[in-house]
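First to last, the protein sequences are chains C and R. Mind the numbering: the first sequence is residues 1 to 256 in the working numbering, read in order. Mind the numbering: the second sequence is residues 1 to 688 in the working numbering, read in order.
Derived from the structure by calculation, the hints contain no laboratory data. Note that beta-carbon positions come from the ideal geometry of N, C-alpha and C, so glycine has one too. Please note: incorrect hints may appear among the correct ones.
[Stated by the list, open to error] Here chain R is said to cover these stretches of chain C; the calculated rule only asks that three of the stretch's residues, wherever they fall, bring their Cβ under 8 angstroms from a Cβ of chain R:
hint, segment
1, 85-93
2, 160-174
3, 179-191
4, 204-212
[What the hints assert, rightly or not] What the simulated footprint calls covered on chain R by chain C, stretch by stretch (three residues with Cβ under 8 angstroms from a Cβ of chain C suffice, anywhere in the stretch; the number is not a length):
hint, segment
5, 4-12
6, 531-537
[Unchecked claim] Pairs of lysine to any residue residues, derived as SDA-like cross-links and limited to a Cα-Cα distance of at most 25 angstroms, are as follows:
hint, chain 1, residue 1, chain 2, residue 2
7, C, Lys114, R, Trp541
8, C, Lys114, R, Leu611
9, C, Lys114, R, Arg277
10, C, Lys114, R, Ile512
11, C, Lys114, R, Ile503
12, C, Lys114, R, Glu530
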Amino acid sequence: MSLLVANGITKRFAGITAVENANIALDAGERVGLIGPNGAGKTTLFNCLLGLLRPDAGSVSFDGQDITRLPVYRRARLGIGRTFQRVELFSGSSVRDHLLFAHRIRSGTGALWKDVLGLGLPMPAEIERCDALLESLGLGGMGDEPIEALSLGQSRLVEVARALMTQPRVVLLDEPSSGLDRDETNALADTLARIQAEQGFGLLLVEHDVELVASFTERTYVLDFGKLITHGSTPDVMRDPEVRAAYLGDFVAGTQ
Amino acid sequence: MTASILAAGVLEDTIRAFFQGLPIGAGFALVAMSFVLTYKTSGVFNLAFGAQAFISAATYFELHVRRDWPIWSAVLMAVVLVAPLLGLLLERLIFRHVHASSAVAKLVISLGLLVALPELFKLIVDYNREQPFGAVGIIPDGTTVYRLFGRYPVTRDEIAAFVIVVAAALALAALFRYTRLGLRIRAVVQSPRMTELNGVNADWVSSGSWMLSSFFAGLAGVLLVPTTSSLGTVLEPTGFFPIVISALAAAALGRLVSLPAALFGGLLLGVVTTQMRTHVPRDNVILAELQGPALPYVMLFAIIVFWPAIRRQVAGADPLLGVSPPPPALAATSRGRGMTIYTRIMALAFFTAVGVWTFAYANNFWISRITHSVIFSIIFLSIVVFTGLGGQIALCQVTFAAIGAFGAMQFAQRWDISVIVGMVAGAAIAAAVGAVLSIPVMRLGGIWLAIATLAFALFFHDVLVKYSWVGGSLFHGRGVPRPEFLGVDFSSRENFLILCIAILVLVGVLVILIRESSTGMALRALRGSETAAESIGVISWRSRVIVFSVSAAIAAIGGGLLAMEERLVGYEANFDPQTGLFWLVIVVVLGARTVEGGIQAGVAFVIFPELVLDRWLGLHGAWRYVLFGFAAISFARHPEGLLEHGKRRSQVMMQRMFSRRQPAVAAAAAGSGVDAGLDTGAAPGDEP
Numbered sequence: 001m002s003l004l005v006a007n008g009i010t011k012r013f014a015g016i017t018a019v020e021n022a023n024i025a026l027d028a029g030e031r032v033g034l035i036g037p038n039g040a041g042k043t044t045l046f047n048c049l050l051g052l053l054r055p056d057a058g059s060v061s062f063d064g065q066d067i068t069r070l071p072v073y074r075r076a077r078l079g080i081g082r083t084f085q086r087v088e089l090f091s092g093s094s095v096r097d098h099l100l101f102a103h104r105i106r107s108g109t110g111a112l113w114k115d116v117l118g119l120g121l122p123m124p125a126e127i128e129r130c131d132a133l134l135e136s137l138g139l140g141g142m143g144d145e146p147i148e149a150l151s152l153g154q155s156r157l158v159e160v161a162r163a164l165m166t167q168p169r170v171v172l173l174d175e176p177s178s179g180l181d182r183d184e185t186n187a188l189a190d191t192l193a194r195i196q197a198e199q200g201f202g203l204l205l206v207e208h209d210v211e212l213v214a215s216f217t218e219r220t221y222v223l224d225f226g227k228l229i230t231h232g233s234t235p236d237v238m239r240d241p242e243v244r245a246a247y248l249g250d251f252v253a254g255t256q
Numbered sequence: 001m002t003a004s005i006l007a008a009g010v011l012e013d014t015i016r017a018f019f020q021g022l023p024i025g026a027g028f029a030l031v032a033m034s035f036v037l038t039y040k041t042s043g044v045f046n047l048a049f050g051a052q053a054f055i056s057a058a059t060y061f062e063l064h065v066r067r068d069w070p071i072w073s074a075v076l077m078a079v080v081l082v083a084p085l086l087g088l089l090l091e092r093l094i095f096r097h098v099h100a101s102s103a104v105a106k107l108v109i110s111l112g113l114l115v116a117l118p119e120l121f122k123l124i125v126d127y128n129r130e131q132p133f134g135a136v137g138i139i140p141d142g143t144t145v146y147r148l149f150g151r152y153p154v155t156r157d158e159i160a161a162f163v164i165v166v167a168a169a170l171a172l173a174a175l176f177r178y179t180r181l182g183l184r185i186r187a188v189v190q191s192p193r194m195t196e197l198n199g200v201n202a203d204w205v206s207s208g209s210w211m212l213s214s215f216f217a218g219l220a221g222v223l224l225v226p227t228t229s230s231l232g233t234v235l236e237p238t239g240f241f242p243i244v245i246s247a248l249a250a251a252a253l254g255r256l257v258s259l260p261a262a263l264f265g266g267l268l269l270g271v272v273t274t275q276m277r278t279h280v281p282r283d284n285v286i287l288a289e290l291q292g293p294a295l296p297y298v299m300l301f302a303i304i305v306f307w308p309a310i311r312r313q314v315a316g317a318d319p320l321l322g323v324s325p326p327p328p329a330l331a332a333t334s335r336g337r338g339m340t341i342y343t344r345i346m347a348l349a350f351f352t353a354v355g356v357w358t359f360a361y362a363n364n365f366w367i368s369r370i371t372h373s374v375i376f377s378i379i380f381l382s383i384v385v386f387t388g389l390g391g392q393i394a395l396c397q398v399t400f401a402a403i404g405a406f407g408a409m410q411f412a413q414r415w416d417i418s419v420i421v422g423m424v425a426g427a428a429i430a431a432a433v434g435a436v437l438s439i440p441v442m443r444l445g446g447i448w449l450a451i452a453t454l455a456f457a458l459f460f461h462d463v464l465v466k467y468s469w470v471g472g473s474l475f476h477g478r479g480v481p482r483p484e485f486l487g488v489d490f491s492s493r494e495n496f497l498i499l500c501i502a503i504l505v506l507v508g509v510l511v512i513l514i515r516e517s518s519t520g521m522a523l524r525a526l527r528g529s530e531t532a533a534e535s536i537g538v539i540s541w542r543s544r545v546i547v548f549s550v551s552a553a554i555a556a557i558g559g560g561l562l563a564m565e566e567r568l569v570g571y572e573a574n575f576d577p578q579t580g581l582f583w584l585v586i587v588v589v590l591g592a593r594t595v596e597g598g599i600q601a602g603v604a605f606v607i608f609p610e611l612v613l614d615r616w617l618g619l620h621g622a623w624r625y626v627l628f629g630f631a632a633i634s635f636a637r638h639p640e641g642l643l644e645h646g647k648r649r650s651q652v653m654m655q656r657m658f659s660r661r662q663p664a665v666a667a668a669a670a671g672s673g674v675d676a677g678l679d680t681g682a683a684p685g686d687e688p
């Protein structure tokens with residue numbers, strides 16, 4: 001049984017079927033891609049997995065537990081982390097605060113009485129942990145920077161770091177390459193691959209940058225007009241004629 | 001036979017109530033359309049509209065009743081000249097410069113103006129030199145009664161109001177739909193910067209629409225005098241409040257953006273009001289209240305909470321908003337160690353000096369003033385929690401403070417229980433009320449939360465406080481004792497002041513602990529981005545409930561202490577909802593993000609009018625409303641508060657002075673991230 005399973009997800013918006021009967025499975029330690037042209041339903045499916053949307057049919061399960069009806073924060077607490085296509089950071093907070101919040105919410109009880117008695121203040125050990133993760137993502141020494149001072153690439157790394165601080169078992173990345181140039185994308189991919197190898201969480205990458213998916217993932221699902229048209233090992237998928245016709249077109253032909 | 005006569009009677013009552021309801025509804029509709037117009041044209045939820053309406057009505061009153069101007073010239077002056085001019089001034093001097101600010105910042109400014117404008121007007125024309133008694137309408141012989149279909153009575157005033165409102169609605173609709181100006185106005189609302197990129201002068205469009213909406217406000221002001229019960233009575237700004245609330249409800253039906261919805265919503269609410277008065281039995285206490293003062297507030301609250309369009313509405317963001325510089329960090333977090341020690345020594349020295357003076361030399365008057373400042377500091381910390389920490393605006397802290405005051409009073413008088421226990425019980429009740437209130441308004445953001453809480457505060461003020469189990473008997477709240485506990489008698493002024501200071505320190509430490517701990521982290525995350533906060537597991541409803549109840553409890557403790565200090569619950573003087581608006585304004589203007597800011601606001605609220613205005617400048621105490629009301633304008637530019645802004649500037653200055661003496665150290669410091677953040681933080685706010 002896979003860790004994160006979407007079974008027969010269907011989602012309609014006012015008569016338009018955005019996703020139809022989609023099945024996806026993700027194991028711990030795996031790197032999986034979900035690709036498709038614009039409007040294919042990637043983000044809809046993604047939001048159904050995260051709980052931002054409730055599917056009209058089908059179910060989502062995590063570690064054998066049905067989570068179809070759980071709200072976003074419950075899924076997060078079970079161990080589903082995410083990043084955002086349009087960066088969502090906590091404005092007005094420092095870089096380290098982002099990690100500290102995530103860590104505290106994951107590990108602390110958040111009980112008000114503890115806060116009132118002064119037991120909820122950040123511990124030196126917590127701050128060390130945050131700084132260690134920042135260091136390993138190449139953001140060492142930036143802990144005190146206000147979040148607004150960061151470049152887009154750095155912001156995406158902070159989002160990754162924030163997700164990682166919740167000790168996720170799977171991380172869902174929503175188009176991490178958007179807004180980044182090729183070098184920045186490669187740097188992000190390298191860092192992600194290294195951290196993922198160290199920590200062993202499952203990674204689902206929703207992307208339209210096919211080059212990134214081709215180099216980064218082991219398996220790939222292809223979505224078109226709301227339907228999964230194929231899935232399999234990434235090299236096989238990239239060679240699939242139906243996929244090339246639907247989406248990849250000249251790119252794959254050009255690389256061969 | 002009897003049944004059919006009865007049915008005919010009911011039908012006739014219903015029709016009569018319908019015709020009585022339409023003019024009342026027309027009044028609501030006119031105000032509602034002005035709300036929509038202002039919101040559509042400037043993105044400002046202009047609560048100051050009530051003040052603008054009052055100014056036109058009062059100008060008309062001053063000219064026509066007191067100075068015997070003929071009706072036409074007084075109307076010309078009040079509605080055609082004064083009102084648009086006021087709109088133009090507001091736009092030019094204030095709202096043009098805050099267009100990119102958040103809806104909440106604009107709301108705070110309009111609250112400031114709501115408090116400041118009528119006071120300024122009264123001071124300028126010396127309006128209160130005698131009671132403004134005997135308000136009249138603008139229609140000659142307006143009370144003449146006609147009979148529709150030979151049986152349903154309507155007055156000339158009512159017919160005029162209805163016709164003018166419908167005509168105004170049609171004219172506005174045509175303007176928006178068919179003219180270039182209408183199109184440009186709609187574009188400017190979305191993003192003035194974007195519109196300018198398309199070659200439209202956004203400032204000009206904005207000025208025009210403000211003059212128009214202000215003209216509407218003035219028209220509503222003079223028209224509404226006879227349709228409200230204030231005809232022939234005292235003309236005061238508070239008289240416009242219930243009608244503004246009903247109009248808000250009507251405007252809310254169209255999510256503040258639909259003019260037709262505002263028009264029909266206004267008419268509908270007018271008819272509903274009169275039908276309720278006609279048909280709902282009065283034998284039940286709650287039903288009887290619903291026909292009276294409670295109705296507008298209940299309607300407004302219900303519409304905001306249950307109207308699906310509002311729940312779905314997300315605040316539209318200017319697509320070019322990212323151009324603006326990010327908000328700077330707190331000065332205290334970015335200053336160096338030496339500066340922190342220096343600041344603390346100075347603060348300690350200052351408080352020691354004030355303390356020595358108070359206990360050794362001050363007379364009773366000044367001890368009482370200082371006790372008041374300490375108590376208001378405690379109350380204002382509840383605003384620091386809700387607005388500074390929670391990032392949202394509630395306008396019902398005054399209600400929670402009143403609950404604390406009444407709690408202390410009720411427990412002491414009814415059951416002879418220690419007043420301290422009563423205060424704590426009052427705080428617990430307020431926390432429970434806050435928690436319950438937080439549930440229906442859970443998903444509301446920004447201005448809607450502010451309006452819903454205002455409706456609750458007004459409901460408490462006009463309905464609940466009259467019940468003896470809340471507000472006590474007719475001479476309510478007399479004889480609240482000072483406490484005696486832990487074997488100490490706190491009845492003397494000095495001892496009670498010490499008790500208040502101890503509680504202030506306790507509450508202040510509590511607020512800091514909450515801010516720096518898990519609860520505060522979750523709140524800061526939610527304030528930064530609710531979506532992202534939930535993605536890391538923050539439970540937003542839980543944080544909301546905590547913020548509501550903690551801030552309610554703090555306000556209630558302050559309210560209880562205030563009752564003990566004054567030895568009575570001075571409800572009208574201390575806990576009026578309009579006073580609550582001023583509380584919010586003064587705290588956010590001076591700095592809602594820090595405990596220090598709350599304390600400074602408390603001191604400013606009490607000492608400033610006494611010391612600076614009265615003794616040093618010899619000005620009327622009402623000037624404090626004017627000064628702080630207009631200071632609300634600064635909120636958009638310095639959302640961190642004026643004092644925080646000042647602190648940051650002086651910090652930069654001192655660091656520059658310091659760096660001249662020790663260039664090597666300064667150069668090293670300039671390279672570090674902390675100082676870089678500080679410099680960029682201070683720079684954007686410097687230029688007005």
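Of the numbered hints stated earlier in the document, which are not met by this structure? Numbers 3, 4, 5, 8 and 9, in rising order.
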